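Chains as they are written, first to last, in the working numbering: chain A, 1 to 82; chain B, 83 to 164; chain C, 165 to 246; chain D, 247 to 328; chain E, 329 to 410; chain F, 411 to 492; chain G, 493 to 934.
Hint data in this document are derived by calculation from the structure and do not stem from the laboratory.
Note that the structure is a prediction, hence the values are computed from the model and not measured.
Worth double-checking, as some hints may not be accurate.
[To be verified] Covered stretches of chain G, as calculated for chain C (at least 3 residues, CB under 8 angstroms):
1. 809–819
2. 823–829
3. 834–845
Glycine included, every Cβ here is placed at the ideal spot set by N, Cα and C.
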Amino acid sequence: MAAVKFEQAMARLEAIVGELEKNDLPLDESLKIFEEGIRLSKNCLKILEEAEHKVEVLVQDKNGKKRIHAYSSGDAADEPSS
Amino acid sequence: MAAVKFEQAMARLEAIVGELEKNDLPLDESLKIFEEGIRLSKNCLKILEEAEHKVEVLVQDKNGKKRIHAYSSGDAADEPSS
Amino acid sequence: MAAVKFEQAMARLEAIVGELEKNDLPLDESLKIFEEGIRLSKNCLKILEEAEHKVEVLVQDKNGKKRIHAYSSGDAADEPSS
Amino acid sequence: MAAVKFEQAMARLEAIVGELEKNDLPLDESLKIFEEGIRLSKNCLKILEEAEHKVEVLVQDKNGKKRIHAYSSGDAADEPSS
Amino acid sequence: MAAVKFEQAMARLEAIVGELEKNDLPLDESLKIFEEGIRLSKNCLKILEEAEHKVEVLVQDKNGKKRIHAYSSGDAADEPSS
Amino acid sequence: MAAVKFEQAMARLEAIVGELEKNDLPLDESLKIFEEGIRLSKNCLKILEEAEHKVEVLVQDKNGKKRIHAYSSGDAADEPSS
Amino acid sequence: MFTVSELTGLLRASIEEQFSDIWLEGELSNLRAPGSGHVYCTLKDKASQIRAVLFRSSAVRLRFALQEGLQVIVRGRLTVYEPRGEYQIVLDTVEPKGVGALQLAVEQLKTRLAAEGVFDQERKRPLPVFPRTVGVVTSLTGAAIRDILAVLRRRWPTLHILIAPVQVQGEAAGRQIAEALTDLNDWGSVDVIIVGRGGGSLEDLWSFNEEIVVRAIAASRVPVVSAVGHETDVTLADFVADLRAPTPSAAAEAVVPVLAEVVERLRELTVRAGQVMLRHCAFERQRLEGGIGGLTDVRFRLQESAQRTDDLVDRLRELIQRLLTGGHTRVHEAQRDLSGLNPILTIKQGLATVPQFSKRLEGQMGVRLAQHRHRTHAMLAQLNTLSPLAILGRGYSILHTVPAGQIVRHASDVEVGQELDAQLSRGRLSCTVTRACDNSTV
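This is chain A alone, in the form it adopts within the complex (with noise of 0.2 angstroms):
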């Protein structure tokens, strides 16, 4: 699912919301693509998530920040020179 590349899948999505705007399609037509526009935004979220998740982990990995902290704090002359 995920290897459905989330631009394309969202440059779907949202030609199917010009479509359903356009307000001109047989009821069918509409449900059809409205299926097919939920699917896209369920996958959409899915792949947005694992990515929002994949950047949370990274940007709050602990031991990284810990030791950013300690040397961009300006100290660094304190520190043992070991």
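On the provided structure of chain A, position chains B, C, D, E, F and G as indicated by the hints.
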């Protein structure tokens, strides 16, 4: 019954209303097309209900629903991300 | 009896009224067409009543009626969807 | 006897009355046309009564009568329709 | 006897009276026409009675009479119209 | 060597951030290079962390052999004298 | 009279005595340096020239190279080269005119090396941005090392510094510096080398102008930063170095970034990357939500359609109701008209008229009958007044034969025993003839 295209049914229903409005049909004809109209309207409503049900099912899919609602209400950030 | 077309019956009925209004018929003739007129008017009423009944049955079909009301009251969204 | 047309009978009856009133008939003739007149008047009455009865029956037909009154009083809309 | 026409009898009777008034007939002749006159007058009376009886019978014919009275009392307008 | 790696890593990281900030990559691409960037930054930090402060002096002993020893401010004597 | 040799000997003694130590200025020409190592040349000015020789022992002490046309100030003694009877000046020192010898030497070396391309900009290598190990070639005793160490330590507290201690002035300095550079290159892990010393005179800085140093710097595989003297002092080492720092402190600043800044930069990049990603995700999420919102508009459409259907049904119902009501109205009108035209009126009229007729009939018939009866009775009365039997009242009677009924007028009309009927005024008598008298008069 759902095989009857909604739009066709609606078009026919409107034509029937138009026919009745012209008011130049004999009573039995009027009654006949009225019956047809009522039947059509029921079919249309049935189609719409089925469609609505489908939409609801698609949208309310447990995982999906929670998220879609959660997000559309603008507080996505409070949701746990996975 | 319902096989008699309403419009034909009404036309005949109105012709009878016209005939009677001319007031130049012998009694037996008058009586005959008066009788016919009465019978026709009853038939017409009967046709109308049958039509009304049919209309009623069509319109009050339980499922159909309920639904029509449910939707027309504008709170479709609160309805359970299945 | 009912085959005798009412109007003819009435005309004859009137003629008979005239004849009798002219007073120039022999007794037996008078008697004869008197008898005829009486018979005619009875026939006429009979015809009229039959007609009256017929009219009564037609008009007083239970359903029919009720409705004619109900509707002619202009409140048809308040009537239960079936 | 009834075959004797009333008017002829009356004419003969008048002739007899004339004959008798002339008073130039022998007794037996007078007697004869007098008797004839008596007879004739009785016949006339009889004819009249028969006529009256007939009239009575015709008029008093129960059904006819009753109705004639009912209707002739001039309250037809108060009758129910149907 | 490590210095080159670090520099390349930093350069790549800068490039990645630049790429990301141009904001024209598809989500998955962004995610991929973001991940790479995070990995790079961690590697860089690791490199920085592993480094130790050391000041050493490279001298030639009597046999002409090169060796190093820790620097202290009294090392002036070790300076080659000729 | 002298011999040539005697005279030449005398001149030589005289010249050598008189010109044993002279300064002379002139332009070098006819430079010759044959294999002996001695240098022969001519010093000249606009009008004259003098032969000069620089013996090898003096020549090697020269810091600069002798060149044709070079204006020089020389010191030496005059002598005579007896085999040829030529006088010449034996040069002890040669100084370039205008500039110092050292300076000229530097210029000459610079020109030479430049011709070789040693100073070419293309040869210069970029410094590593993040060196792990910094080599330092300088004296351990100078201020330079303290400055360098202090700056490096401040900027990059975890830096590895490898010092190759050298003399930075004196005869040995050039060689030591060159060797130190080679050593640091050979050591392998050095990323950048600072070579330098604090400021001083041209003489003090001499070793950094030595060819051996310049070549060592040029040959270094590790980028070299020169930091010689102060800002105004420029040595050939500075020209050949990959970067020239005005001071040792500046060199130290040039070779390493500030670790805290790098860490901060890393952190900033990480944060920016994270922010960009989160923004990206947020943007996509918003986009997605917009899409989802757009999708769920389908429900409105369904509701609209349902409403439209309901409207149509309502209209249908209204129309059919109107139709039916219209039908009812028409039927009722017809019924009303019909009931207005009910023949009952005619019938009632007839029912009223017929009895009138029969009444008139009956009346007329009664009158007629009464008239007839009256007439008949009148006739009867009249008849009675004319009755031939009236005489009977007066006492007459009339005899009738029986059964013939013949009025008996004559006695002869009867026979004895015959029965007769006597008609009296009132009643009748039956009589039997007992006797008959035929007597016509009484």
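Here is how each hint holds up against the structure:
Counting residues of the segment 809–819 of chain G whose CB lies closer than 8 angstroms to any CB of chain C gives 5, so the stated coverage by that chain holds, three being the minimum. Residues of the segment 823–829 of chain G lying with their CB closer than 8 angstroms to a CB of chain C number 4, which satisfies the three-residue condition for coverage. A count of 5 residues in the segment 834–845 of chain G with a Cβ less than 8 angstroms from any Cβ of chain C is obtained; the coverage claim is therefore met, three being the minimum.
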